[in-house]
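Participant: Protein chains in written order, with the working numbering: chain E, 15 to 379; chain X, 15 to 379; chain P, 15 to 379; chain Y, 15 to 379.
Keep in mind that the hints were calculated from the coordinates and are not lab data. It cannot be assumed that every hint is accurate.
Since the list can't tell identical chains apart, any single copy or any two copies may satisfy a pair.
[As the list claims (entries may be wrong)] Simulated crosslink set (DSS-like; lysine-lysine; CA at most 30 Å straight-line):
| hint | residue 1 | residue 2 |
| --- | --- | --- |
| 1 | Lys35 | Lys202 |
| 2 | Lys35 | Lys288 |
| 3 | Lys89 | Lys379 |
| 4 | Lys89 | Lys214 |
| 5 | Lys202 | Lys268 |
| 6 | Lys35 | Lys89 |
| 7 | Lys192 | Lys336 |
| 8 | Lys202 | Lys57 |
| 9 | Lys89 | Lys192 |
| 10 | Lys74 | Lys182 |
| 11 | Lys326 | Lys192 |
Number of protein chains: 4
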Amino acid sequence: MAGSSFGTIFKITTWGESHGKALGVVVDGCPAGLPLCEEDIQKYLNRRKPGQSNITTPRKEADEVEILSGIFEGKTTGTPISLMVRNTSQISKDYSDIASYYRPGHADYTFDEKYGFRDYRGGGRSSGRETIGRVAAGAIACKILEQMGIHVCAYTRSIGNIEIDYDKFDSSLITATKTAMPDADADKEAVAFLEDSIKKCDSVGGVMECVVTGMPAGIGDPVFEKLDANLAKAIMSIGAVKAVEIGDGCAAAKALGSSNNDFFCMTEGQIGKKTNHAGGILGGMSDGSPIIIRASVKPTPSIFQTQDTVNKSGEEIEIQIKGRHDPIIVPRAVVVMECMTAITLLDALMINMSAKMDSLLEFYK
Amino acid sequence: MAGSSFGTIFKITTWGESHGKALGVVVDGCPAGLPLCEEDIQKYLNRRKPGQSNITTPRKEADEVEILSGIFEGKTTGTPISLMVRNTSQISKDYSDIASYYRPGHADYTFDEKYGFRDYRGGGRSSGRETIGRVAAGAIACKILEQMGIHVCAYTRSIGNIEIDYDKFDSSLITATKTAMPDADADKEAVAFLEDSIKKCDSVGGVMECVVTGMPAGIGDPVFEKLDANLAKAIMSIGAVKAVEIGDGCAAAKALGSSNNDFFCMTEGQIGKKTNHAGGILGGMSDGSPIIIRASVKPTPSIFQTQDTVNKSGEEIEIQIKGRHDPIIVPRAVVVMECMTAITLLDALMINMSAKMDSLLEFYK
Amino acid sequence: MAGSSFGTIFKITTWGESHGKALGVVVDGCPAGLPLCEEDIQKYLNRRKPGQSNITTPRKEADEVEILSGIFEGKTTGTPISLMVRNTSQISKDYSDIASYYRPGHADYTFDEKYGFRDYRGGGRSSGRETIGRVAAGAIACKILEQMGIHVCAYTRSIGNIEIDYDKFDSSLITATKTAMPDADADKEAVAFLEDSIKKCDSVGGVMECVVTGMPAGIGDPVFEKLDANLAKAIMSIGAVKAVEIGDGCAAAKALGSSNNDFFCMTEGQIGKKTNHAGGILGGMSDGSPIIIRASVKPTPSIFQTQDTVNKSGEEIEIQIKGRHDPIIVPRAVVVMECMTAITLLDALMINMSAKMDSLLEFYK
Amino acid sequence: MAGSSFGTIFKITTWGESHGKALGVVVDGCPAGLPLCEEDIQKYLNRRKPGQSNITTPRKEADEVEILSGIFEGKTTGTPISLMVRNTSQISKDYSDIASYYRPGHADYTFDEKYGFRDYRGGGRSSGRETIGRVAAGAIACKILEQMGIHVCAYTRSIGNIEIDYDKFDSSLITATKTAMPDADADKEAVAFLEDSIKKCDSVGGVMECVVTGMPAGIGDPVFEKLDANLAKAIMSIGAVKAVEIGDGCAAAKALGSSNNDFFCMTEGQIGKKTNHAGGILGGMSDGSPIIIRASVKPTPSIFQTQDTVNKSGEEIEIQIKGRHDPIIVPRAVVVMECMTAITLLDALMINMSAKMDSLLEFYK
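Next comes chain E alone, as it looks inside the complex (with noise of 0.2 Å):
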């Protein structure tokens, strides 16, 4: 099992690797009568594509996405949708160093023992390419989130020890800035510490935040199938993500019940919470606050520094690492954080439709 779908109403099916002909995603389950076009998906590639600025990959890629199969008359029919991005920038390079030994920090080695071999060029199915897909079916679940008034955004929260200040916060600025960040003082000393990290050719690692409102209440199952463990799910699934946390995360380890507990109070004559320790999930169920989700993400391991590592052979040799690579993965990973975070909830919300026998009986009365 290659473990390439995800979801069990709204699903989707990711294939293709770095150096392939193409990637692409079939989403099955999409509800029909969505007006759909290719514009909708193409700006959220948009804010993944490599090549944006001196702080990503220099790797220049199109990314154009074509719908395939599952729209008739500018609408999705309820059958699978086909979207193919087709690859036009792999470099027909050398690769035949990168194939004989193991890249630290990298899935060589364990793509080696799990398969026997291994597609070498450019990470092949670990690719971050691979995010491609997500994003382009993470579009669709956006679009319809939005028609729901569910709104998904993520954003950098912090890019090595430089964190956003939530007092500067300005949407606006998510898709602006280079880092991601929602706060232009932030990014423009992200951007300094990044640049002087290109120079020592090393990377950084930073944290993602998604915060999703207008979340209805009951969302989510108890015991195996939480809101928050499928989120979790979700999220560590996104290559380099090393932790995932939910409202105050780590932080609720050495915090007080009295402390943590969200007090529930009347607003407006609807049931809110005085406060969000929570992030908006209680006993996997969604309980109408914000969802709040924050994900660590590691440095890119791809680093141009000499490293210590060993070949196939068994033989320890140093290696000095050539390509196009970002010396940060965040600003690029957001949107496909935004993107797993809208198809998660999505599912969550359509599984959920029959939880009672009310709507059961009223839905087909």
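Put chains X, P and Y on the given structure of chain E with help from the hints.
Facilitator: What follows is chains X, P and Y alone, placed relative to chain E:
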């Protein structure tokens, strides 16, 4: 979908609530021929049993397991193993209070929103007693993994700000200390802290850690079924867990690539890594190093201080919770983490068997 | 994967074997708010109970169901419903014979090949008693469907060459005749045939038929999750079923298009069909006409004549089976077919709720 | 859930409609290391290609497959294999007629009921062209099974009342005759019958049969994932199939136990059966004998006679269908049956690998 099943080949389905007749689990897909008796399972259940010390709930439950199916002549037959634990200590007190309002930090409100009403006795399905099924199933997974030379070990890493010292690590203490800490000094300090919290009618959080040794490399799948993604789901699905980290986890976000990359090296003729920042997983597949997972657990939401909340009529009220509650969740949850980890790994090992044509042809030759 | 779960949203997991302590089922994903008591389930179990007439096995079992979870104040809570039936009439006879050889027509040999050994007492997991879990779960599905105005009714269509006459069809006879035939004359004739077969130490096969009325149109999915495909799986998974037909079934292969096509027409302002060769399913989705399914059931493999076979040592031997066996499977399997049909339809109805954007937006507005 | 995925470990996801840009399939979970090129797949697609004789539709399609991912240096990598066939011969005719009414025997009405509207061009997703994805994926499954010594072979057993004579069975004729019959005389007779039907503007049905040899015993799971249950679903999911039989199928319902039971015997030191009424499956698991499956296929619903129906405004009308249609579905569907069978068997073989503790321990020792 109440979401009570977990796993693909080794699949468990749990059932039962705090004050129902019984709780249990059906374990489907267990290989045939494993020697198994009730004692194998009971010893795991005993580790999560309430009433074992002054820092856990005084509720007394025998939690005796009964094997109802799937075993013949002392061995698993390959058919579903049904395990049941009868509830014996439900106090038939008056629950009319709890029924009418929403306890902060609990799933009362979200259950009502999802299902229209709830079994309010002792938390119903969202009670910590739900984990009995997980532990009973996990005991089987652990026994299988042990036979394969894979050892899963979870313990308490910190309580509030008190953290274990790895130089004092003694795994025999995990089941001997009240806190499940493998460090006698930290345990002593933590117990004092907990006793103080109990006096203050407050509760505290903590961190659990799980280390897996002996796992072969190449297990897990690229993309959505990454081993770390499935572990994140498994662990985040345990009630009260708010963050899951793999290896360096959150710390990776502040690291540089040059220090975060683990260099490969040769050790006794085997490929290994000089460090293990990755926590034993690269590209979603095990890399042969110990797998390291951490979970941050929030403080028990049931505290005896007066709290603000709302009732079902939408009135803001003050409440004071009564009952028998743990001042901390972590010590009894450690075995749950161990079990969910074991179930996830075993399933991944089974799924992996057909990854290579060579293996498939060899198996069926 | 022992394969003991069925369904996606309304998911059942059965367990137990002929001579184990008990058999049961966990029903997960049942909507909250359905009034449910043990009697609702018991009346279905009573229809499959052994020992009810001279044409069924004389084994006497109370088959009393116990609800262990998922019900609160007389209603389903949305959490898993665990149902259990204790075995009470296992005769602790000497099974060493059966253990050593392979009964023709039984799963003895295939179990040994798959698992290396088997629980040989009374067929173990491949016993007809396995269907207790299906029926207990199906009783719940039937109750929900009834509330939706959908009626599922199965009966015996033929035994050997004796077929019911639709002009004499009286549904009240289904639970009144020994054969579950809705035709008193055919029943009488069939009983005589069966009594003769018993004398000859032989067994006979038959055909079950299931008719569903009130099913809305458009349920089921194109391609792999076609409603008829899932019904075929559900019904073929009942032990001893060797063929499944929808509508005209096998006869369609000899028909001409001009006679097999059902013309659409208007009936009381509704779109209907002049005929129903299709059996209520077009393109994998319900078309609003009655759904018609037929299952051909082989004769009971346990016969009391001398038979040739081999033993585990690979020697050819002659055997004579002893025990308590039905001379025909059909009359007691009719309720199993009804239940599997109900479970399949209910799951399809639940999955269908998010098929249209309009419905999704309306549901969550 | 549009339901376009099939399989658990070897999982396929198909997409595309009759008059869209392309059709295709993603094959996930294919073992790494299988030599695979486009020609391996093309030869299967050619068997279902239209326009090959006077008894199939004159629509001409090249149906050329393109491999988009998952192959490296001529071998499968274990990652998803994306296969695409561009549509080239859609006639951009006026479909306004078809759009407005419901063709008898087609899925027009049920699509509208489910999704609110439909892609009416050439049947959209319910077109026979949907099977391109199944065949492309099945070609891979067949290649793997061949390497394991398992041979899957489907053919036309009967057309109308004309049935093949097993004494004249010549498997080389399957791909040589217009009808896919392995009997030259029956083929000749059937072609004459078909030509007559075409003249009469009518269509005919038929029976496909599939025989699998070399399957090891013990594959498939008890209860719901029975091998025959999954085969029934796989085959019933092929459009126009109305009945699925295993072994003697419907005839078993009229048999006596004494004649229907297959006696075990020893053949060249191996356990075998003297007869094969069971069709190679006992208790849901393969028994080592040839697996025999039959499918009854209804006549093509598109006929050129005048037919009654209703339009979307609810008016009863007369229609006359135009276009390019096969007078019989069977000859081109035979390869689809072969492919769906292969996919089902391969998945079952993969799932089976962890059935025994011994195998698991041996695999990972």
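Participant: Please go over all the hints and tell whether each is borne out by the structure.
Facilitator: Hint check results:
Proximity of lysine 35 and lysine 202 under a CA criterion of 30 Å is satisfied in neither setting, with 38 Å inside one chain copy and 46 Å between copies. For the homomeric pair lysine 35 and lysine 288, neither the shortest alpha-carbon distance inside one copy (52 Å) nor that between copies (37 Å) is at most 30 Å. Proximity of lysine 89 and lysine 379 under a CA criterion of 30 Å is satisfied in both settings, with 27 Å inside one chain copy and 21 Å between copies. Taking the shortest alpha-carbon separations for lysine 89 and lysine 214, neither the intra-copy value of 50 Å nor the inter-copy value of 40 Å comes in at or below 30 Å.
For the identical chains of this complex, lysine 202 and lysine 268 are inter-copy neighbours only, at 18 Å across copies versus 32 Å inside a copy, given an alpha-carbon limit of 30 Å. Taking the shortest alpha-carbon separations for lysine 35 and lysine 89, both the intra-copy value of 28 Å and the inter-copy value of 15 Å come in at or below 30 Å. Proximity of lysine 192 to lysine 336 under the C-alpha cut-off of 30 Å is restricted to the intra-copy arrangement: shortest distance 23 Å within a copy versus 53 Å between copies. Taking the shortest Cα distances, lysine 202 and lysine 57 sit within 30 Å of each other inside one copy (25 Å), while across copies they are farther apart (57 Å).
Taking the shortest alpha-carbon separations for lysine 89 and lysine 192, neither the intra-copy value of 34 Å nor the inter-copy value of 40 Å comes in at or below 30 Å. For the identical chains of this complex, lysine 74 and lysine 182 are neighbours neither inside a copy (33 Å) nor across copies (53 Å), given an alpha-carbon limit of 30 Å. Within a single copy, lysine 326 and lysine 192 get their C-alpha atoms no closer than 38 Å, and across copies no closer than 48 Å, so neither meets the 30 Å cut-off.
The structure is inconsistent with the numbered hints 1, 2, 4, 9, 10 and 11, although it conforms to all the rest.
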